[in-house]
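Trainee: In case you want the letters, here they are:
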Amino acid sequence: MLDMLQYTFMQRAFIAGALIAIVCSVIGVFLVLRKMSLIGDGLAHIAFAGIAGGMFFGVYPLLSALAFTVLSALGIQRLKDMKVHGDAAIAIFFSFGLAIGITLISMSGGFGMDLFSYLFGSILAVNETDLAFIGALCAATIALVWLFYKELFYITFDEDSARAGGLPVEGLNTMLIVLTAIAVVVSMRVVGILLVSSYIVLPASTALLVSRGFRDTILLAAGLALISTVIGLTAAYYLDAAAGGAIVLVLVGAFASALAYHLLGQKKREK
Amino acid sequence: MIGAWNMNAANKTIVLLRDVTFSYGAHIVLENAGLEVKKGDFLGIIGPNGAGKTTLVRLMLGLLRPDRGIVQLFGSPATSADARAGVGYVPQKATSFDQHFPATVSEVVGMGRIQRAGLLKQLGQADRDAIEKALEEVGMAEYGKMRVSELSGGQQQRVFIARALAAEPKLLILDEPTVGVDHHAQAKFYSILKRLNRAGMAIVLISHDVGVVSSHVNKLACVNRSVVIHDVSKGVERADLVCAYSEGMKVVKHENAGCTGHCHGKEV
Numbered sequence: 001m002l003d004m005l006q007y008t009f010m011q012r013a014f015i016a017g018a019l020i021a022i023v024c025s026v027i028g029v030f031l032v033l034r035k036m037s038l039i040g041d042g043l044a045h046i047a048f049a050g051i052a053g054g055m056f057f058g059v060y061p062l063l064s065a066l067a068f069t070v071l072s073a074l075g076i077q078r079l080k081d082m083k084v085h086g087d088a089a090i091a092i093f094f095s096f097g098l099a100i101g102i103t104l105i106s107m108s109g110g111f112g113m114d115l116f117s118y119l120f121g122s123i124l125a126v127n128e129t130d131l132a133f134i135g136a137l138c139a140a141t142i143a144l145v146w147l148f149y150k151e152l153f154y155i156t157f158d159e160d161s162a163r164a165g166g167l168p169v170e171g172l173n174t175m176l177i178v179l180t181a182i183a184v185v186v187s188m189r190v191v192g193i194l195l196v197s198s199y200i201v202l203p204a205s206t207a208l209l210v211s212r213g214f215r216d217t218i219l220l221a222a223g224l225a226l227i228s229t230v231i232g233l234t235a236a237y238y239l240d241a242a243a244g245g246a247i248v249l250v251l252v253g254a255f256a257s258a259l260a261y262h263l264l265g266q267k268k269r270e271k
Numbered sequence: 272m273i274g275a276w277n278m279n280a281a282n283k284t285i286v287l288l289r290d291v292t293f294s295y296g297a298h299i300v301l302e303n304a305g306l307e308v309k310k311g312d313f314l315g316i317i318g319p320n321g322a323g324k325t326t327l328v329r330l331m332l333g334l335l336r337p338d339r340g341i342v343q344l345f346g347s348p349a350t351s352a353d354a355r356a357g358v359g360y361v362p363q364k365a366t367s368f369d370q371h372f373p374a375t376v377s378e379v380v381g382m383g384r385i386q387r388a389g390l391l392k393q394l395g396q397a398d399r400d401a402i403e404k405a406l407e408e409v410g411m412a413e414y415g416k417m418r419v420s421e422l423s424g425g426q427q428q429r430v431f432i433a434r435a436l437a438a439e440p441k442l443l444i445l446d447e448p449t450v451g452v453d454h455h456a457q458a459k460f461y462s463i464l465k466r467l468n469r470a471g472m473a474i475v476l477i478s479h480d481v482g483v484v485s486s487h488v489n490k491l492a493c494v495n496r497s498v499v500i501h502d503v504s505k506g507v508e509r510a511d512l513v514c515a516y517s518e519g520m521k522v523v524k525h526e527n528a529g530c531t532g533h534c535h536g537k538e539v
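Protein sequences appear in the order of chains A and B.
According to the working numbering, the first sequence is numbered sequentially starting from 1.
According to the working numbering, the second sequence is numbered sequentially starting from 272.
Isolated chain B, as found in the complex (with noise of 0.2 Å):
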């Protein structure tokens, strides 16, 4: 499902979001943020509560939008349904969905296809191979008569990731996907993302882990009312001196950092 990506567009921008202001009535939450994804990349979303990461992926979902700038997908406005269709989200509170609700494995991963099959359409055998094969991708094939409220944590977690592959997206977002997921479980997953992105998927995820986050990814944004972009594929050894990021926080060894000369919030 990964190979289905154009792989001559080597460097095509696949997220783009210039000069973007966004504000909730009088209360601003992000100003002239700007942020680039293009294939291959894998960006780390970090920042403190409250500092706008939600409200740039809901703006990068195409369902926000700004008061001012642009937000792309694929080069395509980003609320406009073609752009949304090549996007695979996986929400915040997926894995605190209600538990006592109906649904199999396979129902749920099958969610991922409705918009691929289209209004007034049931789904077919291809959509029933492509449910397959994501549950396969996750490592959850065999469970997939189960109801989904009976798996653990972090299975609900991958049968989550599952029914954003199943739209056979070109990007995958997740917010804040490993809150109330154990630690092997975590390492599963990352194991499973750091798979897809060599794939070529380009993958944003959003996290206040901020330790754990940056020895995966290969691009950092600091999120806090603006958005401030660290390139991280040669390492970083502390990634919380990356971003002086939280109120008070103070950056103690600033050298280490790798962040000189740009780096936002309350510098030593």
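Extracted from the complex, chain A is given alone in its bound form (with noise of 0.2 Å):
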């Protein structure tokens, strides 16, 4: 089994792979819990818009998605601010980054299959460039997190008190929403733009219904998370298959046999 970790492209999958799982998972519990699921999805749509600008003027397409997908997510934030709803705020933004996608690539008509690679995601795709910005990324998010740990808890299950307890929850709030633009950004190249949103959702979904507590909830979501990625990443590696189905796909698994858990264990105590 080992001999497709000689392949440095494997390497490099698996490397990235591990990070990206870790960061969507651990954002996805504090999203899914806010009733944010959705995010995911919408700043994906809008980090399309990113890479196709990118390619078109000839940027490196990575960071022109990351500018402009937390630049929308500030936006999002700002016209929640100005009352429009949350999920209309998200869907303006996502048909604002399908246009722009879509109107850059009938303009250029050549680099169809470029796009395809972040459409879908791309075991093979994963270059040296590409590790260093996801590595350096993710070991961010990942630092962010921890250090802001027991706030974004806090806001997270009740803003109004934390708000009384002095913390500053708009602040908070606008990093998370930053913070999960980036885990869009970095998940692209491994799980494709298509399936980002359910790498945040479904390990959270999944934890948070056999956890007992907020911590044991993160650590099982990015656990589960990292499994699931190896698993995925090795099954596509054998069958030639696209990294991001095979990963989700697993994690869809993960998700239902621990919702089978649950609900047997309801039945059990309702007995």
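No lab work stands behind these hints: they were computed from the structure.
Pairs of lysine-lysine residues, derived as DSS-like cross-links and limited to a Cα-Cα distance of at most 30 Å, are as follows:
no., chain 1, residue 1, chain 2, residue 2
1, B, K459, B, K309
2, B, K392, A, K35
3, B, K416, A, K271
4, B, K465, B, K404
5, A, K35, B, K416
6, A, K267, B, K416
7, B, K392, B, K416
8, B, K283, B, K404
9, B, K490, B, K283
10, B, K490, B, K310
11, A, K268, B, K416
12, A, K35, A, K268
All figures in this text were calculated on a predicted structure; none of them were measured in a lab.
Fit chain to chain and form the complex, with the hints in mind.
Mentor: The following block contains the structure:
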């Protein structure tokens, strides 16, 4: 089984995959509990515009995607402050992103195939530059979540009390949405734009079915995402399948098992 | 934790509101409201729905700024972080949180330590001790590892009081804390508050349940756009007579009401 690790591209895929797994699953716990599960999907479509823009103007696509997604995330936050409903704010930017992406692709007529690897993800796609970029951003994100763990936990549980307790709630909300944008951008290379949100939502939802405390939930989600990523990448290598698809299928399997376990437990308690 | 409060500041003013006016747009919620909470006070805030009770508390917590007037906590503006650090707050919806939220009792009480610990710092041994002590204070010490959502309404309410206590406050503010809690749990709840109050903690309790509140507090604030304070430490027979606060409510036995001379609302 270990022969696949002889290939540099697989080593890079595993390192990138592991980092992304941790980042997405941890951020995902906060998002799912705050009923913001769909923001990952929205931001991924916005990132699509960033990728297309980068290719069109000859900028490193992950960088242009990062800039565009982070700015849009802040824009969504601003729109919410201006009394636009949160889901509507996401939908507005989502359409805007897709529209830009589609327009640029149609005008260029050339980079369709490259863009494909971003839409569906690819283990072959992660090059040295990508790995450095992904690694730096993931490290920064994990460090920030660790540093602000207790504050993020508090605002997720009860924003009003957190505010009364003197926490900078607005600043923390902005940080969380920016970190979400980063999680989306770093994940695209491996799992693809179309599946990023499942990477954010599934490990968290699975962990929530079986965990007790908050810290447990975070650790469990990260562990689940990590294991699923290793299994998914391995399967993708041997079956010559898309990595994102394989990983997400494993994650769905884990969720289904946890759900069955949860329902059985519930039945037992009812008896 | 209560002993930490300086005992020689016997008459120290903890909350001070003077000539406070607050409005949401054109709608005036409070007008020229004033009140004072001193060390050892147990203030009940009563009034009909929409009278401005919660607004009053949000002003005290520094979450809202008045259009006019002064709101001070411990002699500093209520909006300053220092002032807020001395306040423990149990919000109105404390027990109606997301019941699927994964959090243990200890984790929830630990939220009360977050501001004290400061940004970028992890909770340490002193914080864990304070969490345990706060749980003991409300009789929930053995529930630390349980998931909050598995507890009864009354138990959850005590956990939220413990969360406020974990901050080692000098003032405890509770907004309609007994909504959805059964009678037995309410009795326990009031006995905890009474004990804390006797140990020197100032308490502000918002409630619509006039009858119950007035038998525990020493001051009653009747809120209905204005604020009228009554000293009820010597006992009141019928608290609903103290403040004729609800529209159309009639005070029948005014002579027993203990509010002679300065009762607002409709008098008969």
